[in-house]
Amino acid sequence: MSGTEHSKPTAHVIVGYTPQDGFVAVQLNPPPAEYVWHDRRAEHDQERFGPGNGYQQWLAVDVATGAVWFGDTDWRTQDEGAAHSLPGHLRATVGDGALPSPAVFMLLLTHRAVDDRGADAWRFFGVKELYALVRRVLPLVQRVIGSLHRVGPAGDLEWSAEAATAWTDLEQACRFTLDAAGAVVWAEPRMSQVPAWRVEVEDFLARNPELCDPAWATATDAELDACAAYEADSGYGGVPGLMCAPGGVRIEEGYTFYGHRAALYAYRAAACGGRTPVDAGLWLRSSDTGRSSWEGAKVVGASLADAPDCMLDHLAERFRSAAADDGVVLTGLTAYLRQQRAEERTAVDDVLSATGEELKRLEELLKEVRLVRNTVLTRVLSWTDGRDDEVIARLAAMSPGAVAEWRERLTADRSVESEV
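Quick note on this note's numbering: the sequence shown kicks off at 418 and runs consecutively.
Source of the hints: derived by calculation from the structure; they are not laboratory data. Here the structure is a predicted model, which is why all the values come from computation and not from measurement. C-beta: ideal position from N, C-alpha, C; glycine also. Don't take every hint at face value.
As the list claims (entries may be wrong) - Computed cross-link-like contacts, DMTMM-like style, restricted to lysine to aspartate or glutamate with a CA-CA straight-line distance of at most 20 angstroms:
1) K545 with D438
2) K715 with E761
3) K777 with D767
4) K715 with D730
5) K777 with D766
Unchecked claim - With beta-carbon atoms standing in for the labels, derived distance ranges:
6) T693 with P468: 57 to 65 angstroms
7) V443 with V511: 38 to 46 angstroms
8) S518 with P468: 52 to 60 angstroms
9) V765 with A821: 40 to 48 angstroms
10) P468 with L628: 54 to 62 angstroms
11) Y452 with T482: 32 to 40 angstroms
12) L628 with M608: 27 to 35 angstroms
13) S518 with T693: 51 to 59 angstroms
14) D730 with A687: 56 to 64 angstroms
15) E760 with A829: 42 to 50 angstroms
16) Q444 with A509: 27 to 35 angstroms
17) E734 with R708: 13 to 21 angstroms
With the hints as constraints, model all of the structure from the sequences given.
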C-alpha cells in the first residue's frame with residue numbers, strides 16, 4: 418500500500434507479564450471496597466462517587482512492535498494526575514492519520530457493571546485475569562498491527578480502514594458483563610468487516626482517477642506529505658479534500674478516509690514502474706552516477722545562474738535519462754535545479770551589491786580628496802611663482818589644459834573682486 422515493503426511484527430505479551438515470570442513487572446493495587454461506591458441520590462457530584470472510582474486498569478499496545486502489557490493507575494491520584502501516569506495514547510485523541518511515536522495506545526478497562534438486580538457492582542482484575550484477557554485478544558492486536566500502513570523508507574505508521582476497524586473490535590472485546598452468578602463474561606472477540614463509511618484513499622482515487630495529480634509521480638516525500646496533511650476550512654481534508662476543493666467537487670458527508678500518505682506513496686511507486694524514487698538533490702550530490710552526470714553537464718566557465726529555463730529543462734532531461742539508467746526516478750528535479758539557479762543568482766546579486774557599496778564608498782572618498790586637491794591647487798596657483806601649467810599639472814595629476822582653465826577662472830575671480 419505504501420510503495421515500500423516493511424516487515425510486520427507479531428503481537429506478544431512482553432517479558433515480565435506472564436505466569437512463568439511470576440508477573441514481576443506489574444503490581445496491581447485496587448482501592449479498598451469502602452472507597453468504591455455510587456450514590457445516585459446524592460445532591461452534589463463530589464458526593465455521588467467514591468474516591469476509589471477513579472481507579473483504572475489498562476492494557477497497553479505498542480502497535481509498532483506488537484508488544485502488549487497491562488497495569489493500573491493510583492486510585493488516590495485525581496483524574497488529571499492519573500492521565501500522566503498512563504503509558505500511551507487513547508485512540509480517540511489521535512485521529513485517523515499518522516500515528517505518534519512511540520505508537521503506544523491504551524485500552525482503559527471499565528470496572529462498573531449492573532448485576533441482575535439492577536445494582537452497581539465493581540469488578541477489579543488480578544494479574545492472571547488480565548493475562549488471560551491479553552491472550553484472548555492477541556489475534557485482534559495482530560490484525561491491528563498487521564493492517565496498519567507503513568509508509569516510506571522509515572515505515573512511518575498510518576491508520577488504515579482495516580486497522581481502525583480491528584481496534585474497535587479490540588475495544589469491544591475488552592468489555593465485560595456479569596452473569597446471574599456474578600461471574601465475569603467478556604465480550605466475544607470478533608473480526609468485523611470494514612464498514613462502507615471507512616474508505617481507503619487509494620480505493621477512492623482508483624474509483625476517481627481524474628482526481629490524481631500526475632505531478633505526484635515525481636514529487637518529493639515532503640511534497641507528498643504536504644498533500645496528505647492538507648486541512649480544509651470546512652469539509653474533508655487530506656488528499657480527497659485537496660483534490661476535490663479546487664474543482665468544486667463535493668463528497669457526501671459521513672465517510673472517514675484512511676491512508677492518505679500511503680495512497681500517494683503507492684501512486685508514485687506505481688508511476689516509477691519498479692524503479693526507486695530518489696530525491697534529485699541527494700542523487701546528484703551523493704551517487705557516483707549523479708555526480709558524474711552533474712560534472713558532465715557543466716560547461717567550463719559557465720554558471721547555472723546564466724541558464725535560461727529552456728537550458729534547465731534540457732539539463733533535467735539529461736539527468737532523468739542518466740537516473741533511469743541507474744535504476745532510479747528523480748523526485749523534485751525541476752524544483753532542485755531552479756533552487757540551485759536561484760542560489761547562484763543570489764550569490765551574483767550579493768557580489769553586485771557589495772561592488773556597488775564599495776563604489777559608493779570610493780566615490781565619497783574621491784569627492785573629499787578632490788576637494789582637498791582643489792583647495793591646494795588654488796593656493797599654489799595664487800603664488801604666481803613662475804611655474805608653468807605643465808609642472809603644476811604633474812603635481813596635481815591633472816592635464817595642463819585643466820590647470821590652465823583653473824588659472825583663468827582664478828584670475829577672472831580676482832578681477833571681479835578688484836572692480837568691486
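To see whether the hints hold, each was checked on the structure:
no. : hint                               : verdict
1   : K545 with D438                     : holds, 12 angstroms
2   : K715 with E761                     : holds, 14 angstroms
3   : K777 with D767                     : holds, 15 angstroms
4   : K715 with D730                     : holds, 14 angstroms
5   : K777 with D766                     : holds, 16 angstroms
6   : T693 with P468: 57 to 65 angstroms : holds, 59 angstroms
7   : V443 with V511: 38 to 46 angstroms : violated, 25 angstroms
8   : S518 with P468: 52 to 60 angstroms : violated, 36 angstroms
9   : V765 with A821: 40 to 48 angstroms : holds, 45 angstroms
10  : P468 with L628: 54 to 62 angstroms : holds, 55 angstroms
11  : Y452 with T482: 32 to 40 angstroms : holds, 36 angstroms
12  : L628 with M608: 27 to 35 angstroms : holds, 32 angstroms
13  : S518 with T693: 51 to 59 angstroms : violated, 25 angstroms
14  : D730 with A687: 56 to 64 angstroms : violated, 25 angstroms
15  : E760 with A829: 42 to 50 angstroms : violated, 59 angstroms
16  : Q444 with A509: 27 to 35 angstroms : holds, 28 angstroms
17  : E734 with R708: 13 to 21 angstroms : holds, 18 angstroms
The earlier numbered hints that this structure contradicts are 7, 8, 13, 14 and 15.
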